[in-house]
Structure formats: structure tokens, C-alpha cells
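K.L.:
Using the hints, build the complex out of the two chains.
From first to last, the protein sequence lines stand for chains U and A.
The first sequence begins at 1 in the working numbering and counts up one residue at a time.
The second sequence begins at 1 in the working numbering and counts up one residue at a time.
Please keep in mind that the hints were generated in silico from the structure rather than gathered at the bench.
Be aware that one or more of the hints could be misleading.
Label-pair distances were calculated between CB atoms; the ranges are [claimed, not checked]:
(1) ASN84(U) to LYS180(A): 40 to 48 Å
(2) LYS180(A) to TYR62(U): 51 to 59 Å
(3) GLY12(U) to ALA43(A): 40 to 48 Å
(4) THR236(A) to ASN84(U): 55 to 63 Å
(5) THR236(A) to ASP160(U): 57 to 65 Å
Result set (SDA-like, lysine to any residue): computed pairs, CA atoms no more than 25 Å apart in a straight line [unchecked claim]:
(6) LYS209(A) to LYS42(A)
(7) LYS87(U) to LEU282(A)
(8) LYS81(U) to LYS113(A)
(9) LYS42(A) to GLY17(A)
Where a beta carbon is used, it is the ideal one built from N, C-alpha and C, also for glycine.
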Amino acid sequence: MYKEIRFTGFGGQGIILVGHIVGDAATIHENKQATLTQSYGPESRGGACSAQLIISDKPINYPHLTSPDILFAMSPEGYHKYKNEVKPGGIILVEENIPVNNPPRGIKLVHIPATRLAEGLGKKIVANMIMLGALAAITKIVGQAALRKAIAASVPRGTDEFNLKAFETGIDYALKPQMHTDKHG
Amino acid sequence: MFLQGNEACALGAIAAGCRFYAGYPITPSSEIMERMAVELPKADGTFIQMEDEIGSIGAVIGAAWTGAKSMTATSGPGLSLMLENIGYGIMTETPCVIVDVQRAGPSTGQATKVASGDVMQVRWGTHGDYEIIAFSPWSVQEMYELTIKAFNLAETYRTPVFLLSDEAVGHLREKAELSKDVEIIKRSPKSDKPFFGPGALMPTLGQGKKLSITGSTHDEWGIRKTQSPEIQAKFTTHFCDKIRLNADRITEYEEYYLDGQTTVLVIAYGFTARSALRAVELAREKGGKAGLLRLKTVWPMPENKLKSLPTSISKIIVPEMNQGQVIREFR
Chain U
1 MYKEIRFTGF GGQGIILVGH IVGDAATIHE NKQATLTQSY GPESRGGACS AQLIISDKPI
61 NYPHLTSPDI LFAMSPEGYH KYKNEVKPGG IILVEENIPV NNPPRGIKLV HIPATRLAEG
121 LGKKIVANMI MLGALAAITK IVGQAALRKA IAASVPRGTD EFNLKAFETG IDYALKPQMH
181 TDKHG
Chain A
1 MFLQGNEACA LGAIAAGCRF YAGYPITPSS EIMERMAVEL PKADGTFIQM EDEIGSIGAV
61 IGAAWTGAKS MTATSGPGLS LMLENIGYGI MTETPCVIVD VQRAGPSTGQ ATKVASGDVM
121 QVRWGTHGDY EIIAFSPWSV QEMYELTIKA FNLAETYRTP VFLLSDEAVG HLREKAELSK
181 DVEIIKRSPK SDKPFFGPGA LMPTLGQGKK LSITGSTHDE WGIRKTQSPE IQAKFTTHFC
241 DKIRLNADRI TEYEEYYLDG QTTVLVIAYG FTARSALRAV ELAREKGGKA GLLRLKTVWP
301 MPENKLKSLP TSISKIIVPE MNQGQVIREF R
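Okay, chain A solo, but in the shape it has when bound (with noise of 0.2 Å):
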């Protein structure tokens, strides 16, 4: 198909299994909103406009414990918004989806304008102590299918996942190939485990279990314990620690031209990787040494990688549409 990045996130969610949706619309995120507006109904999931995107993350995490997969899209003035109620979804680790596609801010900025403000802000935005998943997208392609992979890690780590466009990539219109046969991870049937913590599944409301949901620090039983450091301690870790000790299985990236003759690397993500290709490519042409390493994912960081880089390399380039945010990770 020939068609639009934020189409092809929207194609993307149905595919994964997502059937509900809640959102307010914005540029340039809104043709998500539009497409699942119309899919939805056809899937037999649930399409809702908010009063706002406080209220649209609450549906998308009062949902996910109704049993649906679900969603919302936004951009940096609709995630500012939605930053606590971000924070009751990890501390509640609750499986949702939040897309960012993001323009050119602070505040309302320019609205048709892309950037890569939010890099920092889906890391750090909510307050608290957590680890984040995030992913990149660099084309149409990847709007389906790393999606349909944050569906995936949504539900196989229990948290909040953030697909980061921008507003090029969510714009651009190319081809790509929509396999309907995709890899997905359902959901379990209600199981006796604990709620919480390591290793617990998650619940869905109305099977006849005693749930209690809180944003207060809570034990496997979701039971409020607001005293005690070792519950508090405890479930810090694992908040970080799901994600910590996974990140080999969960970051992604790509290599370019980086081998041991490699002098210079540039880092990149999302839609400036391809103009960062572009120009490693120029650079080869003149027979300059310069490789490119593409994040898929920003967050978390492959750091066995970026740990086991060619000693080739003299420098590295992290070309941002930003002011410099994630060249703070490899100074």
C-alpha cells in the first residue's frame, strides 16, 4: 500500500489487537485518530473522543483493565497532559500503547512543524522512579510494525509503551507492505497468581476477584502500604529492573557501514536517521570512514552495543531534531 505513516500506526494497532481507543485530537497525530475512528467499529472495538487527553489516557488505562488492548495518540501538548496519569499506568503497570508524534514545542510551538522535543519527556516525564519503553520509528513500515511490537512489550512487561514519531514520518506517504500475519501476545485468562510484582499476569475486572487498583505504593495484592520502605523498594526495582534486565531482548537497532575500519559514527533516531544515512552514504562516496548506528528503540539504550563499539571510532556524530537530548546518554 501507498499510504500514510499515522494510517499505518492506526492499521498497525487494529492488527495487534488494539480495540479500544480514546484520544483528542491533535496535529499532526490526528489522522491516527481519524483511522481508528473508522476501524474500530468494524473490529468491533470501541472509539471514543475525550473531553481532553487527561481524560483520553484515563479511558486508555480504565480500559486495559476492562481486558482490551488499547491506545491513544497525541503530541507534546496533549502528552504534557497526560504525564499523571502516565505514572498511575507504570505504577499500576497497566498494558497500554501512547503515541507521540511529536512537533516542534515547548508549549503549542508550531503545530505542522517537526522536531524531537519529547525525547527526554516520554523518559522522564511522569515523576517517580521507573524505566520507560520507547520506539523509534524511521518510515511508513515501521509505523505498522513497531506498533504492533509496543502492543507486544505493553503486555509482555505490564507498562505504559510509547511509539515516539514525529511529524515527518507520521506525514510521509510511501510504500509498505501491511502482513497481516503478525506475531501477537494475548492476553492471559485470569490465573490465581498475585496482581502485582514479578511475574504476575494481568487481571481483568469483573471475573469474581477482589481487585484493588491504586497510584499509592501497594503490595502483589494491590493492598495500599504508603509506610513501608521495603514495598516501596521493592517495587521501584521491579518497575526498573522488568525493564533493565531485559533490555538485550527489548532494544533494537540497525548497523550501517559500522565495522572496525570505522572512524566516524553517527548515532540516530527516528526520521533524522534517514537523512543521517544519507549523509554517511555522501561521506563514503568521498571515502570517508562513517558508519551509522540507528536506534529503533531510544528507551532503553542498548548499552552492551554502544559498550562493544569498534575502537576505530574517533567520534560520533548524534544528529537530533532538538537542541541535543539524547546526546547527553553518550557523553
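Isolated chain U (complex conformation) (with noise of 0.2 Å):
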């Protein structure tokens, strides 16, 4: 097993955080390998940032990704980065406000209303938590059990339940046969 997820959004979004909770998901609680790295500009709140995670089942020496599995987008400017470097068959997990005009072929796309969802819990720092869960819930990446104690364990104090509330909706929301999805190729 060997997969290169790359996460990318704006800085403030909690997109590091995102990669951090399914590496501790893989490692802590899985058993599994993994190493997460970030770039981002000198700047954190507002400037663009992107997350890679690789998860294995072996020891991983190089920790940079050759060709993505899966894309989780929330900024306009990742998705168009990195859209094209996924690799075919590979998903794209993207924010629905997010024009997507020209999306690569061979890839499954979908949108994941994460800011709406978010907004109707009251909080729209909570998007992330939705785009998590409707990953674990497509992707199967790390189990929900696991990224459940990943989260409690990695959020500010006092706002687990409100997270993990979060990223319920998340799954929930993949998990509808109604869900918008768009094949490609």
C-alpha cells in the first residue's frame, strides 16, 4: 500500500492540520507509515498553502510526492496548481465554490459543499472537518475510527466535539447517493 495525498487551500484554512490529522490517523492509530511536508509562502494566514501526506506500509525515504492518488482542493489556486498532477484514476476532492472549468480527464471529481455545510453548524471554520470526512468516506484513506481519536487529539481544547460534529456532516454528505459527482474520460 502506497499513497501520495496532497492538500492544498489558503493559509488559515487549517489545511496543514488536515494533513497532520490523517498522518497521526495512519501512524498512531493504524500502524501504518507516513511523512507529511508543506510548502507555503512566507507568509501563514491568507497566502497559498499545500500539505503532502504519503501513507505506506513501509518504511518511506523519499517524502515528496511523484504523482498524487488524491487532491483535496479549497482554494481556487490549488486546485489549478495541482488539478493536473493527479495521477488517472486518481479522485479530486474540491469545494464547491470552486470554478472548475477544463477538469483533467481520467479523474473523479467531486464537490464537496464544505463552507455551506460549515455556515449551517454555525461555523465556517469548520469546513475542513467536512472536506475530512467526505474524504474518509470516498477515499477510505485511514479508517473513521481512527481519524476520529486523530482529531479529539489534535484540535484546540474544547472544540473536539464541535470538529468531530464537523466531520459527520462530512461523511454524511458523501455517503448521499445524490451526491453531485462528475466523471471524467
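P.N.:
Structural data, given as C-alpha cells:
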């Protein structure tokens, strides 16, 4: 097993945090190997950021991505910058507000209304957890139980219940049959 | 734990007994400082953000003389500012740990991009005649373990020790086992031996001894001897010999696929060694007889190991994230 995932968005959306949670779930709670690297501008809030995660059952020597299996995009810049590197047969999860004209061929493109659902829960800030729930349900890259533990261990104290509620909301949305999915090519 | 290399370094420092940190934040080392600011108060230690890197290393050296194990962390531009006082640390035989999380230079360069351009700077950056110890971690696990070793060797050899890391290891997150059961070398209580030179134990200020601590050449008791060629020779020999004569005890390396069949040897250190191991394994899948010698300590070099390499080796490749620095050691 060897999977590469890129998480991308604006600084401040909790992109690196999501990468950390998935890496924590894979390593600590599922006993796999994972590496997480990040790239960002000198500024952290508002700038483009990206986290690169590899999950494997063997030690990972080279921790940079060669061809991601999954792209998790929460900003237009991130989506357009990285959409074409996704492996054929790979998956792109994209926030529904991001315009996706000319999506790459041979990729499963899934729109997640993360911001809208987060606003429905009362706080836009948990949009990343909704996206994470959808990622868990659609890709099964890491088990949901492991992710719940990793979320509780990673988010600020006192916010774990709310973050977990957002995570479940993302799972529920992704499991709905009417979910908006495009298949290209 | 699934954590970042820089955080592992801070936790290693705490585990090693570090109770004083002075620094000035700089990308890509700042997470070490942030974590020390959180951890040190909990451990009854002292954290201080200084006005710059010159002040930082000065405070670290001063704290060591009060009995504290002390550390600072920086990147190339900050290390350039620290060099003068690092020489003072060597001359006064002050145990302390300096972490350099390397980024692309020269000058301010590219703050968020990885490089290994400081490997000769830590070796020769400050003037004068001396040897240095520098560890080169390649994983989050080693950011923890080698930080602890850096503290131990600083105590054993009474000298500043470098943890020569880089942005890639510093910012990498991966699984690490942070053992609390680690071997730590504690500073000896006060002794009546001389204060400097071979066998001298690190004294502590405020224990009733008249201590003279100077960057000028001095004798065993710290008395300035700026005219004596004998004292100058004795002490520069001591600064070099305490590391040279113990090189086999200090140096650490790992071998991968290195035996009498190996024809191409890759010698690598730091983060580059991970890519090198991947390349060696890819070459072997295609039938190439490649091997890897990974340096965990870049300074001193494991000279005895290098002298006894198998004669089957016809080519040595030294990949580095610079234009070629350590390769000159093997030419």
C-alpha cells in the first residue's frame, strides 16, 4: 500500500492541520508509516499553502510526491495549480465554490459544499473537517475510527465535539446517493 | 507520536536536561523556539527571546557557566551572526548545543527552501584552530535522539556541539518514538581540578571559586597568557585532540548494501541520504551494485571507516544540497 495525497488551500483554513490529522490517524492509530511535508509562502494566513502526505505500510525514504492519488482542494489557486498532477484514476475533492472549468480527464471529481455545510453548523472555520469527513467516506484512505481519535487529539481543547460533528456531517454528505460527482474521460 | 522534526528537537533538548534557551526566531527553525517557550517553563527552565542572534549565543554561553544545559536554534543568517561567540565558546570550553536548520543561502536566500550550504560554515566558520562536532539527522526520530547526543557530547568534550539539520527534516512530520528512558550525561558537581584543559571539569559560577573566563589564550586556571607560545600550542592542541583522538567514539554512520561486492558507493548526510537510499535501492532493483554510507555525524569524519572501504568500489558519489562542499573531503 502506497498512497500520495495533496491538501491545498489558503493559509488559515486548517489545511496543514487536516494533513496532520490524517497522518496521525494512519501512524498512531493504524500503525502505518506516513510522512507529511508542507510548502507555504513566508506568510501563513491568506497565502497559498499545501501539505503533502504519503501513507505506506513500508518506511518512506523519499517524502515528496511524485504523482498524487488524491487532491484535496479548498482554494481555486490550489486546485488549478495541482489538478493536472493527479494520477489517472485518482480522485479530486474540491470545495463546491471553486470553478472547475476543464477538469483533467480520467479523474473522479467530487464537489463538497464544505463552506455551506459549515455555515449551516454555525462556523465556517470547520469547513476543513467537513472536507475531511468526505475524504474519509469516499477514499477510505484511513479508517473513520482512527480519524475521530486523531481529530480529538489534534484540535484545540474544548472544540473537539464541534469538529467531530463537522467531520460526521462531511461523511453523511458524501454517503448520500445524490452527491454531485463528475467522472471525466 | 506523529510530529514535526523541529518539535522533536525541542523535546529531545528537554529530555537531555536543557533548562535554558535563548534565541531569535528565524525560518525554518522557529518551531524549535516556539516549543521551547512552551516546554521550558513546565520543566522549571528559562526561556528568553533575545534582541538578535549575537545576544542569543552570548546568553547560551553565559547560562552554561551558571550550571544550566543550554541551547539555541537558528538558520544560516543567524548562524553567521553567532560565529564570533561560537569561537568564544570553543576557547572557554563551554558545553552548549547550537541547532542550525539550514535554508538556501547565501545571505537571506530563500527562507522556506531546503539546502545544505552551511556544512563548512559549522566546521570552519569561526576563526582559529579547533575541531568541531556536528550531527546530521535524517528523520524526526533522529531530531530527538541526536539532540540528546549533542547535549551529551557537549558535556563530555566541553565544547559547543552542532545539530546540523535542514528545512526538510525540520519541517517533516512522521512517526517518532520519544523514549523517556535516555542516557544523559550530567554535569559533575564542583571539583578542585583546574578549570581548563585536559581532564578539567566544567566549573560553575557562584561556588566560591575565583573564575576567570576569557576568550584570550589562558592557562588551566583561566589566567590570560597572551605571550606564551607554549600555552597557545598546548590549548589549540587540546581543542583539536579532544575530538580527533576520540573520533571513533564520536562518529556515527550507517551502512546500506556496503560489502565486498559494492562497486558504486554513495556517501550522503542529512536529508539527502533518504533520497540517496531510495536511489541506491532503485539501482539495485536494476542489478546495479550500489551501496550507501550515511554519515550521522558530518564532523568529525569517520576517517578510519573511509580508509577501510572495500576495494571493489570504483566510484564514489557524494550528493549534497549545495554546489559541492563535503565532497572535497573525499577527493
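K.L.:
Each hint: holds or not?
P.N.:
Verification of the supplied hints:
no., hint, in the structure
1, ASN84(U) to LYS180(A): 40 to 48 Å, "47 Å, holds"
2, LYS180(A) to TYR62(U): 51 to 59 Å, "31 Å, violated"
3, GLY12(U) to ALA43(A): 40 to 48 Å, "32 Å, violated"
4, THR236(A) to ASN84(U): 55 to 63 Å, "59 Å, holds"
5, THR236(A) to ASP160(U): 57 to 65 Å, "59 Å, holds"
6, LYS209(A) to LYS42(A), "32 Å, violated"
7, LYS87(U) to LEU282(A), "21 Å, holds"
8, LYS81(U) to LYS113(A), "19 Å, holds"
9, LYS42(A) to GLY17(A), "13 Å, holds"
Violated hints for the displayed structure, listed by number in ascending order: 2, 3, 6.
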